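Undergrad: Just so you know, the protein sequences line up as chains A and B, in that order. Start counting the first sequence at 326; every next residue gets the next number (this note's numbering). Start counting the second sequence at 326; every next residue gets the next number (this note's numbering).
No wet-lab data here; the hints were simulated from the structure. Keep in mind that a hint or two might mislead.
Below 20 angstroms or equal to it, Euclidean Cα-Cα: the simulated EDC-like pairs (lysine to aspartate or glutamate) are [as the list claims (entries may be wrong)]:
#, chain 1, residue 1, chain 2, residue 2
1, A, Lys-377, B, Asp-342
2, B, Lys-584, B, Asp-412
3, A, Lys-377, B, Asp-412
4, B, Lys-431, B, Asp-387
5, B, Lys-448, A, Asp-466
Footprint (simulated), chain B over chain A, 3 or more residues, beta carbon under 8 angstroms [what the hints assert, rightly or not]:
#, region
6, 384 to 390
7, 402 to 409
8, 413 to 423
Fair warning: this is a prediction, and the values are worked out from it, not measured in the lab. Where a beta carbon is used, it is the ideal one built from N, C-alpha and C, also for glycine.
There are 2 protein chains.
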Amino acid sequence: MARIVMKFGGTSVADLDCIRNVAQRVKKETANNNQVVVFVSAMAGTTDQLVKWVEQISPLNDAREYDMVVSSGEQITAGLLALALQDSGVPARSWLGWQIPFKTNKMHGAARIDKIGTDEITKRLEEGTVCVIAGFQGISDDNRITTLGRGGTDTSAVALAAALNADRCDIYTDVEGVYTADPRIVPKAQKLDKITYEEMLELASLGAKILQTRSVAMAMSHKVRVQVLSSFTNKPGTMVVDEDEIVEKQIVSGITYAKDEAKVTLVGVHNTPGIASEVFILLADGNINVDMIIQNETQDGKKTDLTFTVAEKDLGKAQNILKSATNIHHEAIITDKNVAKISVIGVGMRSHAGVAASMFKTLADKRINIQVISTSEIKISVLIDAEYTELAVRALHTTYGLDAQ
Amino acid sequence: MARIVMKFGGTSVADLDCIRNVAQRVKKETANNNQVVVFVSAMAGTTDQLVKWVEQISPLNDAREYDMVVSSGEQITAGLLALALQDSGVPARSWLGWQIPFKTNKMHGAARIDKIGTDEITKRLEEGTVCVIAGFQGISDDNRITTLGRGGTDTSAVALAAALNADRCDIYTDVEGVYTADPRIVPKAQKLDKITYEEMLELASLGAKILQTRSVAMAMSHKVRVQVLSSFTNKPGTMVVDEDEIVEKQIVSGITYAKDEAKVTLVGVHNTPGIASEVFILLADGNINVDMIIQNETQDGKKTDLTFTVAEKDLGKAQNILKSATNIHHEAIITDKNVAKISVIGVGMRSHAGVAASMFKTLADKRINIQVISTSEIKISVLIDAEYTELAVRALHTTYGLDAQ
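Given the sequences, and given the hints that come with them, work out the whole structure.
TA: Right under this line is the structure:
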C-alpha cells in the first residue's frame, strides 16, 4: 500500500469525458490498495475566461476580488470528479483550499503556503476515501480566498504530498514526460526516464511549461518524488528525483529555448562605481526581473555599455523607468525583441569540462553569433538572433549525443 | 440614511454590461447615503449548465458534491460586481456564504438557514463599504458548502435583511413587479403597487416565479419590507407589505395558473377507514407533495374513487409507489397530465362572500368543466382541462374587475 498524490491539469479535465477518464485512472490506483489524494485544475480555458472578465470589468483589479473570481474554476472540477468517482463505485469527497485548510500569506494572486491542515485528509484516506482537492487556492489569516498564481495546482499537490509524506506525486499533463528538447522542433528528442530536481528547476525557470517552478523547488527541499506523465496514454513518465538515484548521469540532459525575452542596451553609460547597481535597483523596484547581464568598457574606460535581458512583456515598463531616471547618464537605449535564449542543462557538467566550449563551437560552425552568455553550475545559456532558434537547438541536441537512434 | 438589501437575479447579472448596470444602481443608493448589502445570483444560464454537468456525470448525484459544484456560479458574480463597484469609485468587498457565515442545517440542495453572522457586515457597512454577498449558499456544521434550493438567493437576501434590521429588501428581476395576472396571456393585466405577504405567499406557492416561497414566508414572519422591481427600468415596483398598510383592499388581487401538475385517480379503492391516510403517507415517504385532493363514494358506499394532484415531474414515481403498494386495493390508476390549476387570490375574500360562486359561474358561462376544487382562506383553486387555461384566466380577470382601463 502506498500513499499517492495525483494532479490533473486543465487539459486532463477539459470536459466530462476527460473527467470520467481521470476517475478511471484514480480508480486503478485505489484498486492497487493505494491511498489517493487528487488535485484538479479548472477545466481548460475556464481560468482564462475568468481572468478576462476580471480584467475587462476592472483594468486595475483588486487582487482579493481577482482571487474570489478565479478560484471558482477548480471548485467545479473538484466536485465533478468526486461525483464521477462515486458514480464508478469509488468513495470520494471534495474539498476547497479553505476547507483543508491551505493557510497562505496575504499575497493575493501569488500567495505562498504557510501551513497545511492534514488531520481530516489523513482520517479520510485511512477510511478509504479518495480526497479530491481544488488546487491553486488557499485561505489567508483574514479569512479570504487566496490563489497561488498560474500553475499553482502543481504547488498545491507537491505541498500536500510533502505534508502527508506521500510515496509519490504524479503530475498528469498533456505531454508524456520531460524531453531532451521540445519535440515540436527536434524530431529526434527523447523522453527522459529520470531527471534531477536541479535540472528540472532550471528547465522550469527557463520556460519549459511542464511544472511550476515553485513546485519543483518545494519538491527538491522536501524530497518529494515527482512523476510527470500523460493522462492520455498509459506510458510511464519522467521521474524527478534526487541526483543520487541517477547512476549513469548524462553530461547534458536537455536543450531549451525561450523567445519571450528582450535585450536592452544602455549605450555610453558613465563608468562610475555603483552605476550598474543603480540601474538594477531601479528595475527591481519596478518589479522587473533581469535575467542575463553583460557590461563592456569602452577603450578609454570612461564609458561603458550595459546590456541585459528582461521578459518581453516588461520591456515597455523597463524603458520608461530608464528614461525617467535622470541620475543615470547614458547616450541611448537600444532594445531588441528579436532574440532567443538557448540553454544547455545537465548536472553532469559539474564533473565534465568542455561543455561550454563545445556549445560555442557548435554555434560557430552554424555561423550563429552569440550576443550574451550566462552560466550556472548546471546550465549554460546564450542569447542569439531568434531566427536561428530551431537550428541552434537541433545542432546542440546532436552535439551532446541526445538524438534518438 | 437607510439600510437597504438589494438582490439581483441571473438575468440582471447575465453579462459584464449587466453587472456594470447593477453597479450603477447600487452606486445611486450609496449616493443617497444609504448602507447597502447586495446579493447576486449566478449569471443567467450558469446554474443550469452546472446542474446539467452534475446530472450527466452522476445521475444519482451526491447532494454534498452537487452543492460544491453549483455554488460556484454566485462566487463569480459576487467578485465581478465588487470589482465593478470599485471601478466606479464605490468601496466594495465580496463574501461567500461560508465567510459571513450563513449557518445552515445539512439538508444539501435545500438547506435551511439556522443563524447568520452579522458582525463583520455591520462593521463594514458602518465603514461605508458596499457588501456584496454570493446568494443561495451557506455552510453546515461539518464545514461543507450547502445551497438553499433554486431561487435561494431571494431567501438569502430576506434572511440577512431581517438579521440586519434593514429598512427595505429590494428584489431586482426581469419583470416590473407583481401583476394581477401573467401579462403574456392577459394583455389587460396591471402591475400592483402593493400586495400583502399572504397573497404573495399564495402567488409564490402557485408557481408565479417572482419570489421563492420561503423568502416570502420569512419576510412575513420577520416583517421585512420587500419590493419586487425591474433592473432594466427605473419604475417603482410592487411592495410586499403587511395587510394593515393596504387601506383599500381589492377583493381579488390576482389570477394565476399552473400547468405543471398532473391528476391521479385511484379507481375503486376499498372504502375502509384510514385508506386515504395510507395512500398519502406512502407518497409523503417517497418525497412527493400532494396538492389538491377529492374523494367520491360510490353509490353502495363500499368503494371510493380517490383523486389528487402531484407535480408533473413526480407522476412516474407516484405511479410506481402506488402500483407496488399491495395493501391498497384498487381497480385502476388513471392519470392525466393535461390539466391546469387556475387560482383566484385575495385577502379581501375573507370579508366578501360570493367570490367562489362568481368564479364557478364565470367558468360555467365559458363551458369550462371544473374537475377538482380546493380553497384556503384567501384563495380558490380549480383544476380544469389545460386547453382552457388562457380563456379561463382572462374571463376571471374581467369578472373580478382587474382589467386595466
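Undergrad: Each hint needs a verdict: does it hold in this structure or not?
TA: Okay, the hints, checked on the actual structure:
Between Lys-377 of chain A and Asp-342 of chain B the alpha-carbon distance is near 14 angstroms, which keeps this suggested pair within the 20 angstroms criterion. At roughly 45 angstroms between alpha-carbon atoms, Lys-584 of chain B and Asp-412 of chain B are farther apart than 20 angstroms, so this suggested pair is violated. Note on Lys-377 of chain A and Asp-412 of chain B: the hinted pairing holds, with a Cα-Cα distance of about 15 angstroms set against a maximum of 20 angstroms. With a C-alpha separation of about 13 angstroms, the suggested pairing of Lys-431 of chain B with Asp-387 of chain B holds against the 20 angstroms cut-off.
Using a Cα cut-off of 20 angstroms, the hinted pair Lys-448 of chain B and Asp-466 of chain A holds, with the two alpha carbons roughly 18 angstroms apart. Note: the region 384 to 390 of chain A has 6 residues with beta-carbon separation from chain B under 8 angstroms; the three-residue rule is met and the coverage holds. Check result for the region 402 to 409 of chain A against chain B: holds, 6 residues qualifying (beta carbon to beta carbon below 8 angstroms, three or more required). By the rule of at least three residues with a Cβ nearer than 8 angstroms to a Cβ of chain B, the coverage given for the region 413 to 423 of chain A holds, with 4 such residues.
When each numbered hint is compared with the structure, a violation occurs for hint 2 only.
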